[in-house]
Structure formats: C-alpha cells, structure tokens
Amino acid sequence: MVVLRAGLCPGLTEEMIQLLRASGIRTVVDFVSSDLEDIAQKCSLSYKALVAVRRVLLAQFSAFPTNGADLYEELKSSTAILPTGSPSLDQLLDSGLYTGEVTELMGAPGSGKTQVCLGIAASVSLGLKQPVLFLDSTGGFTASRLYQMLQAQTEDKEEQLEALQRIQVVRVFNIYEMLSALQELRDRLSQQVMSSMGPLKIVVIDSVSAVIYPLLGGKQSEGLAIMMQLARELKTLAREFSLAVVVTNQVTRDSSTGSLKPALGRSWSFVPSTRVLLESKEATWEKATLQRVASLAKSSRQPTGIQVEVDIG
Amino acid sequence: KLLARLEGRSSLKNLEPCLFAEEGSPVHGDVIEFHGPEGTGKTEMLYHLIARCIIPKSGGGLEVEVIFIDTDYHFDMLRVVTILENRMAQRTEEMIKQCLGRLFLVNCNSSTQLLLTLYSLETMFCTHPSLCLLILDSISAFYWIDRSNGGESLNLQEMNLKKCANFLEKLVREHHLALFATTQTLMQKSTNSAESFFSLKLPHETDTDYRPYLCKSWQQMVTHRIFFSKQCSSDNSKGFTVISCHLKRNHVVKRSFSVAESGVQF
Numbered sequence: 001m002v003v004l005r006a007g008l009c010p011g012l013t014e015e016m017i018q019l020l021r022a023s024g025i026r027t028v029v030d031f032v033s034s035d036l037e038d039i040a041q042k043c044s045l046s047y048k049a050l051v052a053v054r055r056v057l058l059a060q061f062s063a064f065p066t067n068g069a070d071l072y073e074e075l076k077s078s079t080a081i082l083p084t085g086s087p088s089l090d091q092l093l094d095s096g097l098y099t100g101e102v103t104e105l106m107g108a109p110g111s112g113k114t115q116v117c118l119g120i121a122a123s124v125s126l127g128l129k130q131p132v133l134f135l136d137s138t139g140g141f142t143a144s145r146l147y148q149m150l151q152a153q154t155e156d157k158e159e160q161l162e163a164l165q166r167i168q169v170v171r172v173f174n175i176y177e178m179l180s181a182l183q184e185l186r187d188r189l190s191q192q193v194m195s196s197m198g199p200l201k202i203v204v205i206d207s208v209s210a211v212i213y214p215l216l217g218g219k220q221s222e223g224l225a226i227m228m229q230l231a232r233e234l235k236t237l238a239r240e241f242s243l244a245v246v247v248t249n250q251v252t253r254d255s256s257t258g259s260l261k262p263a264l265g266r267s268w269s270f271v272p273s274t275r276v277l278l279e280s281k282e283a284t285w286e287k288a289t290l291q292r293v294a295s296l297a298k299s300s301r302q303p304t305g306i307q308v309e310v311d312i313g
Numbered sequence: 314k315l316l317a318r319l320e321g322r323s324s325l326k327n328l329e330p331c332l333f334a335e336e337g338s339p340v341h342g343d344v345i346e347f348h349g350p351e352g353t354g355k356t357e358m359l360y361h362l363i364a365r366c367i368i369p370k371s372g373g374g375l376e377v378e379v380i381f382i383d384t385d386y387h388f389d390m391l392r393v394v395t396i397l398e399n400r401m402a403q404r405t406e407e408m409i410k411q412c413l414g415r416l417f418l419v420n421c422n423s424s425t426q427l428l429l430t431l432y433s434l435e436t437m438f439c440t441h442p443s444l445c446l447l448i449l450d451s452i453s454a455f456y457w458i459d460r461s462n463g464g465e466s467l468n469l470q471e472m473n474l475k476k477c478a479n480f481l482e483k484l485v486r487e488h489h490l491a492l493f494a495t496t497q498t499l500m501q502k503s504t505n506s507a508e509s510f511f512s513l514k515l516p517h518e519t520d521t522d523y524r525p526y527l528c529k530s531w532q533q534m535v536t537h538r539i540f541f542s543k544q545c546s547s548d549n550s551k552g553f554t555v556i557s558c559h560l561k562r563n564h565v566v567k568r569s570f571s572v573a574e575s576g577v578q579f
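Those sequence lines, one after another, are chains B and G. When we follow this note's numbering, the leftmost residue of the first sequence carries the number 1, and every step to the right adds one. When we follow this note's numbering, the leftmost residue of the second sequence carries the number 314, and every step to the right adds one.
It cannot be assumed that every hint is accurate.
Partner residues aside, some chain B positions facing chain G, computed with beta carbon under 10 Å [said to hold, decoys possible]:
1. Y72
2. V169
3. V172
4. G265
Read the hints as simulated data drawn from the structure, not as lab findings. Note that the structure is predicted; figures quoted are calculated from it, not measured. Yeah, the Cβ is synthetic: ideal placement off N, Cα and C, and Gly gets one too.
Just need the whole structure built from these sequences, with the hints factored in.
Next up, the structure:
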C-alpha cells in the first residue's frame with residue numbers, strides 16, 4: 001500500500017497530490033486504477049501529465065515480464081547442482097541440490113536430518129570450497145560432529161580448518177530472529193559484498209518447524225501469515241540469488257490414509273519444490289546398526305517413491 | 314490486427330480436449346480454475362499447456378504466445394525445456410529458443426504488485442496479437458498474508474484480490490484471452506451443515522475436497538473448474554485424476570493422466 005507523496009516519481013508534485021487527495025486518491029493503486037480522463041476533469045490537471053505519471057509509477061512498482069529464451073540463458077549459466085556428500089542421496093535428487101529451489105528434508109526426531117545437513121555443509125565447504133550459511137534453530141549443530149565429518153574426508157589439517165571457517169552458523173530461536181537473519185543475508189547479497197571465500201550458494205535451515213510450531217494453532221491466521229512470509233522470503237532468496245535452500249521439517253501422520261506427511265500443514269506443503277523423507281529402519285541381518293533410508297516424496301524431475309540407503313558416516 | 318486476433322481465436326480449441334467436459338473448449342473469454350492439493354499435477358499440467366502453445370505448428374503445436382504470472386516462485390524452466398526436448402523432433406538449441414521466445418514470465422511477490430503488474434501488462438496484450446493465453450500460478454498465493462493485513466474487515470482482506478479478479482475479467486474480455494489460474498487447497502472441506510446446503514447446488518462438489526475461500530468476484534468469473542487429485546490405486550501406479558466441470562452447463566467429466574519425462578499423458 002504505497003501512499004502517493006511528492007517526489008515519489010518525477011512529475012508528481014505536492015500540488016498534484018493535494019488535488020488528488022481531494023478526489024479520494026491516496027495510494028498508487030488508487031491512482032493507477034482510476035479513470036485518468038475523469039481525474040483530469042475533476043482536478044483540472046493536465047491529462048498528459050497524469051498519463052506520464054501513471055506510466056512511471058507502473059514502471060516503478062510492477063514486475064517486468066522476461067522472455068523465456070532470455071530466462072533460459074540466464075539459468076543455464078547461474079544454476080548449479082551442489083553435492084550433498086552422500087552419492088546415493090545425490091542420485092535421489094537427480095545429481096544433487098539444485099540452486100534456485102527450496103528442498104525439504106522431513107523425518108521423525110532422530111531420523112538423521114541434522115546429520116544430513118551437517119554432511120551437506122561439509123561437502124559444499126570442503127568439496128567445492130564454497131561458503132555455507134547454516135541457520136540453527138534447534139541447537140542441534142555441533143561443531144565437533146562437523147569436524148569429525150571433515151576429518152573423515154581429508155587428512156590435511158589446514159584444509160579442515162579452512163572448511164570450518166567457510167561455514168557460518170547463526171543461532172536463531174524464534175521466527176523473528178530467523179527473518180532478520182534472512183534479511184541480513186539479503187542485504188549482504190544485494191550489495192554483492194565479495195568475500196574471499198567465493199559466492200554463497202547454499203543456505204541450510206535446521207529446522208523450520210521449530211520456529212513455526214509456536215505460531216500455529218488457534219483461530220487467528222496471524223501465524224499462517226508469518227509462515228507464508230517466511231516461505232516467500234526463502235523462495236525469493238533462492239530464485240533471485242541462485243541459492244539452494246535446504247530446510248528440515250517434522251512429520252505427522254495423515255489421519256485418513258495413515259501415511260507420513262510433512263508437518264506445518266497444507267499451506268506449507270506447497271512451498272518446497274523437492275521433498276525427501278528420511279527414516280531409520282532397523283536392519284535385520286548382519287549389521288546391528290540402524291539403516292537410514294531416504295525416499296523421494298516430491299520432485300518435479302523424478303518419479304516419486306524412489307528409495308535409497310543413505311550413509312551419513 | 315483484428316484478423317490476427319480472430320485467427321488466434323479458433324486455435325485454442327485444440328489446446329487439450331481431454332481437460333474439458335465438452336468439445337470446443339476452451340474458447341476465448343473462458344476462465345479456467347485448477348484446484349487441488351499439493352503434488353497433484355497442477356503445475357505439470359500448466360507446463361503441458363505451455364508446451365502445446367509454444368511449439369510451432371510444424372511440430373504439432375499451436376504456435377501462440379503465453380504469459381505466465383508466477384506468484385509462488387515455483388516455475389521450473391529446466392523442466393519446461395526437458396518437456397520441449399522430448400516432444401519435438403528437432404531438438405536443436407535454435408528451435409528450443411524459438412519456442413521459448415513465445416513464453417513470457419513475470420514474478421509477483423504481493424497482491425498489490427500483482428494488481429499493478431496486470432495494469433502494466435495491458436499494453437503488452439495490445440502489442441502482441443498472438444498472445445492469447447494467460448496463466449496465473451497461483452491466485453491463492455497471497456491468501457493468508459492478505460487476510461492478516463486486512464485486519465478484522467473481510468472487505469479489506471479481499472479487496473486486492475477482488476480488484477485483481479475484476480481487472481482480469483476486463484483483460485480477458487477485451488483482449489479475447491483464455492485465463493488458466495491455479496488455486497491451492499488450503500483448507501479442509503467444511504462439515505458445517507450450513508455450507509453443505511450451499512454445495513448441494515453443484516453435485517460434483519460433494520466428492521471433491523473443495524471449499525471455496527477466495528472472494529466472490531473470483532468465484533463468479535470462473536467458467537470451468539478442474540479438480541486435481543492423486544489416484545490411490547492398489548497396483549501402485551502413479552496416476553492422477555482430473556474432474557472437469559463446466560460451471561454454467563453443469564457438465565462433469567472425469568479423466569486420468571500420468572506424468573512422464575515428456576510431461577502429461579492422458
């Protein structure tokens with residue numbers, strides 16, 4: 001709801017604003033949707049001037065269409081596929097985590113979501129030598145476990161240290177802290193602050209349900225509105241800055257079919273482009289250890305239902 | 314220009330006959346709503362329609378232009394390219410680019426921006442006579458945010474969407490377009506007895522998970538409503554169903570489709 005004020009665009013003078021306000025036109029939307037000939041007569045303003053102002057306002061506040069061919073060219077150069085650190089999981093995701101999308105890992109507590117997230121951070125930081133932003137809302141991030149994973153992948157102490165330095169961890173314990181961390185990220189990326197570590201391509205959020213659960217429930221829709229605001233922020237960040245956004249979520253049981261479905265309700269279910277379910281199943285033979293199975297629950301590229309075994313080291 | 318518009322007018326009939334309850338659909342001026350829960354193939358169906366439109370006549374397509382308004386930031390260009398590559402005999406880079414040149418994409422991040430964007434798109438319809446399909450994915454994207462911003466007044470909450478709906482109707486009418494819009498199933502069907510009386514008017518609604526929640530202006534301008542759902546079959550085949558209803562004449566048709574590498578297949 002942008003209110004008209006002098007200087008909002010060239011040609012919009014204070015005098016004009018007063019005259020428009022007298023006719024009940026206060027916001028940009030009011031101006032753009034009104035009949036300009038009518039206004040020109042009522043406020044005795046020049047029709048040409050009004051048309052010019054309308055054009056500038058529309059150019060400023062509306063979105064521009066891009067041609068499909070141009071967009072495809074841009075995507076070809078900016079899309080990257082990031083390895084998760086587990087080859088079978090990469091296969092499930094059709095080579096890895098795609099930038100420009102939100103990928104969701106869902107699972108019951110203890111199914112290994114945080115472990116997979118740490119694995120992804122280690123893989124991108126060590127393997128690709130690119131920075132990682134890790135938003136931790138559960139307190140589950142342990143640097144020692146991450147260090148263990150890095151140690152398993154390389155012997156070189158200096159490389160391990162560099163990899164650790166490339167991973168930025170921000171602890172957020174409620175939705176507002178999360179939104180402000182994302183806003184800070186947006187500001188940083190918009191200003192194109194070139195760090196010595198290279199461009200940021202991945203944001204891992206563990207977990208998104210932890211900050212949203214306290215908001216849902218009850219009759220007010222405030223909680224849902226904030227959740228959708230977060231969803232919107234994640235998707236626009238992924239799209240505008242070519243980031244791969246990974247989020248973790250809980251699961252609940254569907255009351256009618258009995259199958260597992262992601263938590264946070266119907267509105268959230270539309271948000272991720274790809275969804276993977278993590279489960280730990282007990283292997284009955286040979287190993288006494290738990291077997292982790294990942295299945296593809298939603299994808300625009302592969303048929304759903306594929307299952308692989310994931311080794312999280 | 315009028316001739317070009319009339320030429321384009323007849324060509325939409327072959328867009329996807331399986332989607333509609335009667336022959337000869339869609340015609341210009343139709344507003345078709347895709348409704349369904351997540352993962353039921355709505356976006357995939359839109360990609361299928363896009364492919365049908367932008368592929369040249371030599372490849373079996375309609376060779377018309379499409380505007381896709383993406384409010385969910387969900388559009389997957391790479392998927393569209395995969396579908397095109399699978400459907401066309403000539404898969405050269407040149408051909409693909411030529412097809413993509415007929416597709417225009419816009420992203421909107423608020424209902425206000427959507428409204429203002431529709432106003433600025435008006436000039437585009439005038440300058441592109443072969444532009445006859447407008448796709449909006451999805452029109453329900455701002456529902457919760459608008460509801461929260463509108464405070465206590467239902468009027469305020471719905472105002473932006475109502476203005477968008479009214480302007481869309483004007484665009485569709487004046488420029489002879491067909492509009493496809495998706496709405497998400499955000500709420501469970503009401504078991505309230507007062508509302509179930511309302512649903513008796515349209516018998517197809519009793520077996521679909523449909524609960525109207527968008528403003529009346531939108532609901533009244535929809536000419537066809539198509540419900541998407543997943544097929545729960547025992548042989549584990551990944552199928553989807555569409556139930557297509559022509560609202561004015563009350564014709565209902567049920568069909569199923571599956572999604573392959575080359576897109577939707579009936």
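Tested hints:
1. Y72: holds, 5 Å
2. V169: With Cβ-Cβ at 26 Å, over 10 Å, it is violated.
3. V172: violated, 21 Å
4. G265: holds, 9 Å
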